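Asker: The primary structure of each chain is shown beneath.
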Amino acid sequence: MQRYAVNVLFCAAAVALVGLAQAGMLDKYVLTIITFMGINCIFAVSLNLVNGYMGEFSCGHGGFMCVGAYTGSLLSVAFFTNSKLFGPALFPPELAPFLFPLVLIGAGSVAALFGLIVALPSFHTRDDYLAIITIAANYIIISVVENIDAIGGPRGFSGMRRVVGAMSDVADVPWMLIWTIVGLFVCVMTIYRLMTSTYGKGISAVCQNEVAAEIMGVDTNRVKIMAFMVSSGLAGLSGALYAHVYGYVNAQAFNILKSTEGLVIVYLGGMGSISGVLLAAIAFTLLVEALRFVMPWLNDILHAANLLPAGYELSQVWKWVIIPLILILLMQFRPEGFLGNRELTQVFPRLKRWITLK
Amino acid sequence: MPLLEITGLTKRFGGLQALSNFSFSMGERELVGLIGPNGAGKTTVFNIVSGFYRPTEGSIVFRRQLLNGLKPHRVTSMGMARTFQNIRLWNDLTVLDNIRLARYARLDYGFWDAVLRTGRYRRAEKAVETKAREVLELMELAEYAGEFPKNLPYGLQRRVELARALAGNPRLLLLDEPAAGLGSVDVEGLIRHIRWIYDEFKISIWMIEHQMKVVMSLCQRLSVMDFGCAIAEGTPEEIRRNPEVVRAYLGDGAL
Amino acid sequence: MEIFLQQCVNALQWGSFYALIALGYTLVYGVLRLINFAHGDIFMVGAYLAFYISTAFLAPEGLFGFSRGLTLALTIPLTMIFTSLVGVTLERIAYRPLMRKGAHRLYVVITALMCGLVLENGNLALLGASRKTLPALLDKSVYDVGGIAVTNLKLWVIFAAVLVFFALHFVVTKTRMGMAMRAVSWNKFALPLMGIPLDSVIVFTFVLGSGIAGLGGMLFAMSYPVLEPYMGAMTGWKAFIAAVVGGIGDIRGAFVGGFLLAFVEVMVAAFLPSTFRDLFAFSILLLILWQRPTGIFGRPLISKI
Numbered sequence: 001m002q003r004y005a006v007n008v009l010f011c012a013a014a015v016a017l018v019g020l021a022q023a024g025m026l027d028k029y030v031l032t033i034i035t036f037m038g039i040n041c042i043f044a045v046s047l048n049l050v051n052g053y054m055g056e057f058s059c060g061h062g063g064f065m066c067v068g069a070y071t072g073s074l075l076s077v078a079f080f081t082n083s084k085l086f087g088p089a090l091f092p093p094e095l096a097p098f099l100f101p102l103v104l105i106g107a108g109s110v111a112a113l114f115g116l117i118v119a120l121p122s123f124h125t126r127d128d129y130l131a132i133i134t135i136a137a138n139y140i141i142i143s144v145v146e147n148i149d150a151i152g153g154p155r156g157f158s159g160m161r162r163v164v165g166a167m168s169d170v171a172d173v174p175w176m177l178i179w180t181i182v183g184l185f186v187c188v189m190t191i192y193r194l195m196t197s198t199y200g201k202g203i204s205a206v207c208q209n210e211v212a213a214e215i216m217g218v219d220t221n222r223v224k225i226m227a228f229m230v231s232s233g234l235a236g237l238s239g240a241l242y243a244h245v246y247g248y249v250n251a252q253a254f255n256i257l258k259s260t261e262g263l264v265i266v267y268l269g270g271m272g273s274i275s276g277v278l279l280a281a282i283a284f285t286l287l288v289e290a291l292r293f294v295m296p297w298l299n300d301i302l303h304a305a306n307l308l309p310a311g312y313e314l315s316q317v318w319k320w321v322i323i324p325l326i327l328i329l330l331m332q333f334r335p336e337g338f339l340g341n342r343e344l345t346q347v348f349p350r351l352k353r354w355i356t357l358k
Numbered sequence: 359m360p361l362l363e364i365t366g367l368t369k370r371f372g373g374l375q376a377l378s379n380f381s382f383s384m385g386e387r388e389l390v391g392l393i394g395p396n397g398a399g400k401t402t403v404f405n406i407v408s409g410f411y412r413p414t415e416g417s418i419v420f421r422r423q424l425l426n427g428l429k430p431h432r433v434t435s436m437g438m439a440r441t442f443q444n445i446r447l448w449n450d451l452t453v454l455d456n457i458r459l460a461r462y463a464r465l466d467y468g469f470w471d472a473v474l475r476t477g478r479y480r481r482a483e484k485a486v487e488t489k490a491r492e493v494l495e496l497m498e499l500a501e502y503a504g505e506f507p508k509n510l511p512y513g514l515q516r517r518v519e520l521a522r523a524l525a526g527n528p529r530l531l532l533l534d535e536p537a538a539g540l541g542s543v544d545v546e547g548l549i550r551h552i553r554w555i556y557d558e559f560k561i562s563i564w565m566i567e568h569q570m571k572v573v574m575s576l577c578q579r580l581s582v583m584d585f586g587c588a589i590a591e592g593t594p595e596e597i598r599r600n601p602e603v604v605r606a607y608l609g610d611g612a613l
Numbered sequence: 614m615e616i617f618l619q620q621c622v623n624a625l626q627w628g629s630f631y632a633l634i635a636l637g638y639t640l641v642y643g644v645l646r647l648i649n650f651a652h653g654d655i656f657m658v659g660a661y662l663a664f665y666i667s668t669a670f671l672a673p674e675g676l677f678g679f680s681r682g683l684t685l686a687l688t689i690p691l692t693m694i695f696t697s698l699v700g701v702t703l704e705r706i707a708y709r710p711l712m713r714k715g716a717h718r719l720y721v722v723i724t725a726l727m728c729g730l731v732l733e734n735g736n737l738a739l740l741g742a743s744r745k746t747l748p749a750l751l752d753k754s755v756y757d758v759g760g761i762a763v764t765n766l767k768l769w770v771i772f773a774a775v776l777v778f779f780a781l782h783f784v785v786t787k788t789r790m791g792m793a794m795r796a797v798s799w800n801k802f803a804l805p806l807m808g809i810p811l812d813s814v815i816v817f818t819f820v821l822g823s824g825i826a827g828l829g830g831m832l833f834a835m836s837y838p839v840l841e842p843y844m845g846a847m848t849g850w851k852a853f854i855a856a857v858v859g860g861i862g863d864i865r866g867a868f869v870g871g872f873l874l875a876f877v878e879v880m881v882a883a884f885l886p887s888t889f890r891d892l893f894a895f896s897i898l899l900l901i902l903w904q905r906p907t908g909i910f911g912r913p914l915i916s917k918i
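Residue numbers (the numbering used here), protein chains in the order written: chain A, 1 to 358; chain B, 359 to 613; chain C, 614 to 918.
Since the hints were made in silico from the structure, they are not lab data. In this text the structure is predicted, and so the values were computed from the model without any measurement. Worth double-checking, as some hints may not be accurate.
[Said to hold, decoys possible] As a list, the in silico EDC-like pairs of lysine to aspartate or glutamate whose alpha-carbon atoms are at most 20 Å apart:
| no. | chain 1 | residue 1 | chain 2 | residue 2 |
| --- | --- | --- | --- | --- |
| 1 | C | 714 | A | 336 |
| 2 | B | 508 | A | 336 |
| 3 | A | 319 | C | 812 |
Let the hints inform the model, and build the full structure from the sequences given.
Answerer: If you want it as structure tokens, here you go:
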């Protein structure tokens with residue numbers, strides 16, 4: 001039973017979190033941050049499949065999140081609400097909590113299909129050239145979305161709040177937190193189980209020596225398609241969650257900066273380490289939020305110490321100077337990320353006794 | 359019916375003629391060597407046979423099937439395996455995983471089985487594991503199962519590569535300079551291993567090798583290449599006396 | 614037809630900007646195999662430096678009260694020098710220590726990305742959101758060539774890009790340092806054998822690349838005299854893509870890629886709704902890379918088996 005300790009802990013934490021939120025003990029702000037933390041985790045862990053395990057440098061992951069966000073939003077608006085775009089709801093809103101997984105699955109599947117934009121060129125292209133293709137794919141996706149006026153074009157798309165509202169009408173629980181926890185669980189399990197199977201280790205084989213992989217019978221093209229599709233599909237899942245938590249999507253929210261955020265988390269956590277990337281995603285989200293409060297405080301201190309000219313106020317913009325600086329420093333001190341390519345259980349072997357993901 | 363039949367194989371890279379009209383045939387249970395000076399085109403032959411290059415002209419028939427234009431992994435799943443001149447192991451996977459991956463082409467489960475851990479997945483993985491351990495045991499590598507290949511000495515890496523090639527149950531094994539970079543003690547061990555593999559697994563072996571000691575003591579038959587052409591074929595003893603071969607290796611002045 | 618030719622002139626001008634930035638990407642990549650993602654922001658720094666230097670010199674408000682001609686003559690070299698200092702500083706404090714530690718290549722790339730963010734946001738935080746306007750340093754004159762209006766500034770921009778191309782070509786093929794750069798791109802370990810320290814070559818590369826980007830930034834600021842901190846980000850990404858389409862690591866590639874991208878963009882914007890610009894430009898680039906995976910001038914990837 002001991003090996004299930006961490007799993008039980010995870011479930012207990014999830015239940016406790018939902019319970020706290022339910023009891024109203026969590027501030028709405030805190031609740032949102034925790035949810036976003038989970039979404040960032042899904043986003044980064046899925047990117048890690050391509051950038052960490054397969055060793056490609058995909059810098060357009062935000063594009064797939066965008067596809068998922070829009071698909072998820074469109075589906076749920078069409079399913080559960082009366083809208084100008086789709087007319088009356090396809091299903092009664094009371095079904096929203098039960099059919100919401102369909103929305104998530106739909107978003108993931110469509111995003112996975114879009115992963116083919118990158119997967120197909122990857123047969124012949126590698127490294128930096130593939131990186132360009134991913135960047136181009138990101139731009140193309142955003143540009144396409146912005147050019148479709150029916151879904152709002154550059155103005156964005158909304159209406160998901162009503163769906164979340166419909167879910168709350170059925171049962172008043174923090175639905176989006178629950179779905180995010182479920183999504184994160186599905187994402188981590190999928191990638192962990194894939195990468196511990198011989199089938200999934202084909203991805204590592206392609207990463208480490210593609211020629212050897214091909215000659216030992218690994219269908220490298222199929223492996224690449226699989227990796228890119230799983231990765232972008234899970235990114236799509238995170239996008240759909242994001243859209244519903246936020247209640248509004250805009251293509252520019254998923255531009256190259258979003259992709260960069262994912263890259264930073266993956267390389268900070270360590271390429272090819274699920275636990276490292278999870279840690280990094282949590283740390284990154286916390287850092288961004290913490291600095292929001294630190295900035296005014298820092299401003300006061302610096303003024304008190306007369307280090308700042310009287311007319312100058314330290315604005316929140318400085319946050320985005322400090323964060324990259326911190327990351328640059330972290331990279332200098334740990335040039336292989338938090339955990340390198342190892343998992344927590346490999347860094348602390350004793351943990352193994354407490355954990356099983358089989 | 360020969361196991362492998364190559365007819366009129368020609369390969370041009372741009373203007374460079376790497377292979378011209380190379381023909382070769384070998385039967386079941388043969389151990390044949392391919393020798394020749396550097397740049398003669400030996401590895402090119404292997405690369406075409408194993409599917410990395412498309413031949414410009416000619417045909418390759420393996421177990422009655424035409425190999426031309428098949429991708430390497432398809433060729434492998436038809437029962438051919440090979441090793442490389444410079445070792446190509448997956449350095450960040452354990453030795454055991456390296457061997458397990460050799461069974462990749464025979465996995466009968468897919469993505470969803472792996473994620474949902476179905477019964478089919480469990481059975482297949484168990485079979486792969488058993489087979490891999492068995493091969494490691496046979497190749498005297500069991501104690502290194504958990505090591506990473508990059509941490510092993512060179513001779514052991516060669517052996518792991520050999521084990522990996524064998525784990526796919528090939529009918530024909532192509533060895534590209536298996537003795538390259540080995541010390542004399544290791545070479546002795548390698549000769550022993552190859553002979554043992556040949557007897558134990560009942561397979562055919564075709565090897566490129568520079569070290570005469572290896573070729574002469576192992577091969578029943580040798581073919582010699584120079585400038586992309588086959589120039590001689592025969593038993594090691596005949597080859598040793600063939601003036602064409604001596605000229606190819608030592609130049610015209612030698613005679 | 615006239616519209617087309619007019620747009621061609623515009624494309625040549627934009628292509629010059631892209632080419633000047635793409636050169637920096639290509640030079641650094643050729644030597645270090647590093648995508649210097651901060652390079653677009655170096656371009657932005659160049660534009661801002663040009664602004665400060667020229668306002669410091671120029672007659673009515675400037676400290677020195679120089680004439681416009683003299684200011685221009687001084688601003689060009691000073692901008693290039695100071696911008697290259699910024700580039701070299703980044704290499705010195707951020708990239709070099711990381712590479713010394715043998716970090717994975719991509720960690721250096723991420724660091725470069727972060728450096729770019731620091732430059733952008735640092736600028737925004739220090740100087741505020743108010744946009745700067747570069748004073749006019751050149752008397753504007755418009756020539757009419759067969760119905761096409763060409764300003765002298767456009768001609769200068771194109772001329773500068775062509776000049777840089779030939780100068781760079783000379784440096785790379787004829788000077789000792791340039792040949793060392795090419796040697797590094799082939800084999801990093803052979804270089805010390807030639808008696809040139811690798812670090813000097815790297816610094817030289819950054820000086821060249823950043824200096825050219827500085828020149829590009831200045832010319833850009835003269836053509837579109839409204840400066841804002843994020844101007845380098847988008848232009849930089851695009852120039853990088855241009856460099857890769859041309860074949861990264863190749864000087865000709867940076868030029869051809871830059872002009873190609875500008876041509877596609879300008880033509881799409883001229884004849885189709887301008888919101889399609891990115892869509893078409895990037896789709897075409899994607900197709901080119903699909904067909905020629907290493908770019909137009911790139912050497913094909915050959916892995917020896």
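Asker: Take the hints in turn and mark each one as holding or not.
Answerer: Hint check:
About 10 Å separates the Cα atoms of residue 714 of chain C and residue 336 of chain A, which keeps this hinted pair within 20 Å; it holds. Between residue 508 of chain B and residue 336 of chain A the CA atoms are separated by roughly 18 Å; this keeps the pair inside 20 Å, and the hint holds. For the given pair, residue 319 of chain A sits about 34 Å from residue 812 of chain C by alpha-carbon distance, which is inconsistent with the 20 Å threshold.
Consistency with the previously given hints fails for number 3 only.
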